[in-house]
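Peer 1: The primary structure of each chain is shown beneath.
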Amino acid sequence: MREVAIKHRAMRINVFKVVLIFITSFITVLLVLAIAALFMVPDIKDVWESLKSDEMIYSLKLSLWTGFLSTVLVTIFSLPIGYSLSRFQFFGKGFIKTIIDLPVAFPELVLGLCLLLLFGNTFIGKIFDSLGFQFIFTKQGIVVAQFFTALPYASRIMKSTFDYVDPKMEFVSRSLGYSMFETFRNVSLPLARNGILAATVIAFARCIGTFGTVLILAGGTYMKTEVLPITLYLNISYGNMGMALTSGIVLMIVSFMAIYVFERTEAAL
Amino acid sequence: MSFLSVRDLHINLGEFYLNGVSFDLDRGDYLTVIGPTGSGKTILLESLIGFWTPDRGDIYLENQNITTELPEKRQIGIVYQDYALLPHFTVYQNIEYGLKKKNSHGMKEKIHEIATALSIDHLLHRKPTTLSGGEKQRVALARSLVVEPKMLLMDEPFSALDPQTRRDTRVLLKKVIQKHNTTVMHVTHDLIDAWVLANKVAIIRNGYLVQFGSLEDVFTRPQTSFIADFVGATLMEGTVYAHHDGVTVVNVNGVKMKTTDPGNTGDSVTLAVRPEDILISKEPWPLTSAQNHIYSTLSKITCEGRTSLLSLNAGETIFHAVITKNSLERLCLATGDKVYAIIKSANVRIVHSHLNSPRPFGSDRDGRDQVDG
Chain P
59 MREVAIKHRA
69 MRINVFKVVL
79 IFITSFITVL
89 LVLAIAALFM
99 VPDIKDVWES
109 LKSDEMIYSL
119 KLSLWTGFLS
129 TVLVTIFSLP
139 IGYSLSRFQF
149 FGKGFIKTII
159 DLPVAFPELV
169 LGLCLLLLFG
179 NTFIGKIFDS
189 LGFQFIFTKQ
199 GIVVAQFFTA
209 LPYASRIMKS
219 TFDYVDPKME
229 FVSRSLGYSM
239 FETFRNVSLP
249 LARNGILAAT
259 VIAFARCIGT
269 FGTVLILAGG
279 TYMKTEVLPI
289 TLYLNISYGN
299 MGMALTSGIV
309 LMIVSFMAIY
319 VFERTEAAL
Chain L
2 MSFLSVRDLH
12 INLGEFYLNG
22 VSFDLDRGDY
32 LTVIGPTGSG
42 KTILLESLIG
52 FWTPDRGDIY
62 LENQNITTEL
72 PEKRQIGIVY
82 QDYALLPHFT
92 VYQNIEYGLK
102 KKNSHGMKEK
112 IHEIATALSI
122 DHLLHRKPTT
132 LSGGEKQRVA
142 LARSLVVEPK
152 MLLMDEPFSA
162 LDPQTRRDTR
172 VLLKKVIQKH
182 NTTVMHVTHD
192 LIDAWVLANK
202 VAIIRNGYLV
212 QFGSLEDVFT
222 RPQTSFIADF
232 VGATLMEGTV
242 YAHHDGVTVV
252 NVNGVKMKTT
262 DPGNTGDSVT
272 LAVRPEDILI
282 SKEPWPLTSA
292 QNHIYSTLSK
302 ITCEGRTSLL
312 SLNAGETIFH
322 AVITKNSLER
332 LCLATGDKVY
342 AIIKSANVRI
352 VHSHLNSPRP
362 FGSDRDGRDQ
372 VDG
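Protein chains in written order, with our numbering: chain P, 59 to 327; chain L, 2 to 374.
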C-alpha cells in the first residue's frame, strides 16, 4: 500500500518543470562561479594597492562624474520619450520607436563609430564645435557615448512605466480642470516615480559600464579619457592583472547595487 | 436649444466607432446609455468630455459649441467603473484636487458637506488603497460632484460593486444628484440602474444610437426586436391574422395574440411582451379587461431572489413571466401545472423584425410606417 502511494507521488513529478528548473539553476551556478572568480582570484593586498593608485582614483572619479552627468541627461531625455511613446499616437511613431531602440541591438563599437562620424566633419559636428562642445577624444565625448548607449534602455523602462499608469486617472485630472502638463506633473509623474528611479539606476549602471562606444568616440587615453572599463582594458593589455581585476570588481559592485535597487523598485511598481 | 445637444457625431477609432449619433438632453436629465459590450458607449462619454475629437458632428453644451474645446475647459466630470482615484493622495486630497484648481472658497466646508452626503466623512484621512469598492466609488462621486460640474458622466460606476452596495450607492447617488440638479449621462449594463435613476434611455448598438427616449417609451415601446430582447422582453414571431376595432390579432404558432398596435393582415411581425406584464392564474379569469388569456404549461421555474421567472409553453410558443416568490407560494405552482397567462393587449407590442440591423436613431419612423401602414 505504502509502495503504491510512493509510486503515485513519484508519477506526479512534472518532468518539464524539473528540466526547466535544472537549466535555470545550472546557468545560475555558472554565473555565480564566474562572479566569485573575480573576487577570489586577486590578492586582497593587490586590490587595495590598486584602489589607492593614482590611475584607479582618476578612473573612478571620471567614471562617477561622467556617469552621473550622462545619467542626468538620459533621465531628462528618456522621460519625455517614454511618455510620448506610451501615450500619444502620431505619424512615424513606429519608426521613431525602432530608431530609439536600435542601439540596444547595435554593437557598442558600431555605435561609437557612428557617433565618431557624426561629430567628426559633418555640419552637426561643426555646429557643436562652434558652441564649444568637442566630443572626439575628449571627456565630453565620454558623456555623449554613455548617453547614447544608455538612452534606449532608460526609454524602454520609462515607456513601460507610463504604460502602467492608468490613463483614466489622467482623464479624470483633466476633467477636473488641469491642463495636460499639470496632469503630467500632478498625476503621471508621481505615479511613475518608482519606474523613473529604476530607469535612472539602470541608466547609471549602463553608463558606468559603457566600453566600446567610449573607446571609439572618446578614445582610451591613459589618465585622460580613462573610465573604469577602459582601465580594465588597458591594464589587461599591459598584463597588469591586479588593476584589471580591481576595476572589474568595482564595476561588478556598481552593477550589483543597480540591479538590487532596480529589483526593489520594480517590485514596488 | 437644449442643455446638451449632440449632432451627427461620427468617430472612428478602428475597433470602436460612433455613426451619426444625435440626441438632446435638458438640464437635470438623467440619461442611461445601454448597449452590448463594444457598442461605442464609452467612446460617446469620452468624446463628450473631450478625450476624442469627432471626425464629424458637433456637441453643444449650454448653446456653446464645445466639439473642439479642451477637456479641462468643458466643466464635465467623469466617474469610471474602476474609480480612477489617485493612489498617492488621501481621500480628502482626492476630493480637494478639483476644488484646488478652481481656487474655490470654503473648500473645507464643501468637502465635508459632500463627504457627509455620501457617507464617507469618516474616511477622509485614508488612502484609496485601503477602501472597499463601494467606498472608493463614493469617493470618486464626491470628487466629481464637489466641483459642481455642468454635467456628470459615469461609465458603469456600479458594475464592480456587490448587489447590496450597488443598491445603497444608487440611493445615495440619487439623493445627491437631485440635490445638485446635475445632468447625468450614465453608461450601464444593468437595467435596474435605468429603472431606478433615469428619466431618459439611449440604446446603442454597433456605434448607432438605435433608440432614444423617455424611460417608459424605450422599455414599453422598443422599436426593434434587438431592443426588446435587450430590455428583457419575450419575442414571438407571428403573422397578422386580423385587425378590427383598434385591435390587431396575430397568429403566433396557433396562439392568437391581441395587441393594440396596428398591423396589416398577412404581415409578418415580431411581438414583444415584458415578463412583468404577464399575470398568472390557475383558473380561467373571464371577467377582466385583459384580452389575452393564454392556456399554457409551466415548464420551468427559476428563482431569482425575491422573484421567480416562469417559463410557459403554449404550443410551440415559449414566453416568460415574472412573479414574486410570495405569489409562487400562494398559487402553489410547480412545473407541469396548467396555467393561464393573462396579458393586456396594450402590453403586447409589435416590434419591427426587419429593423434588426442597426440603424441611426431618427430613421425609425420609416421602419414604423412600413409595419403600421
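Since the hints were made in silico from the structure, they are not lab data. Worth double-checking, as some hints may not be accurate.
[Unchecked claim] In silico DSSO-like pairs for lysine-lysine, Cα to Cα no more than 30 Å straight-line: (1) P:K226 - L:K101; (2) L:K103 - P:K226; (3) L:K339 - L:K326; (4) L:K175 - L:K74; (5) L:K74 - P:K226; (6) P:K226 - L:K259; (7) L:K339 - L:K259; (8) P:K226 - L:K128; (9) P:K226 - L:K151.
[To be verified] With the Cβ distance kept under 10 Å, some of the chain L side facing chain P (calculated, not the full set): (10) E47; (11) K74; (12) I79; (13) V80; (14) A85; (15) H89; (16) A161; (17) L162; (18) D163; (19) T221; (20) V248.
Fair warning: this is a prediction, and the values are worked out from it, not measured in the lab. Using N, Cα and C, we set each Cβ at its ideal position, and we do this for glycine too.
Peer 1: Which of the numbered hints above does this structure break?
Peer 2: Structure breaks hints 6, 16, 17, 18, 19, 20.
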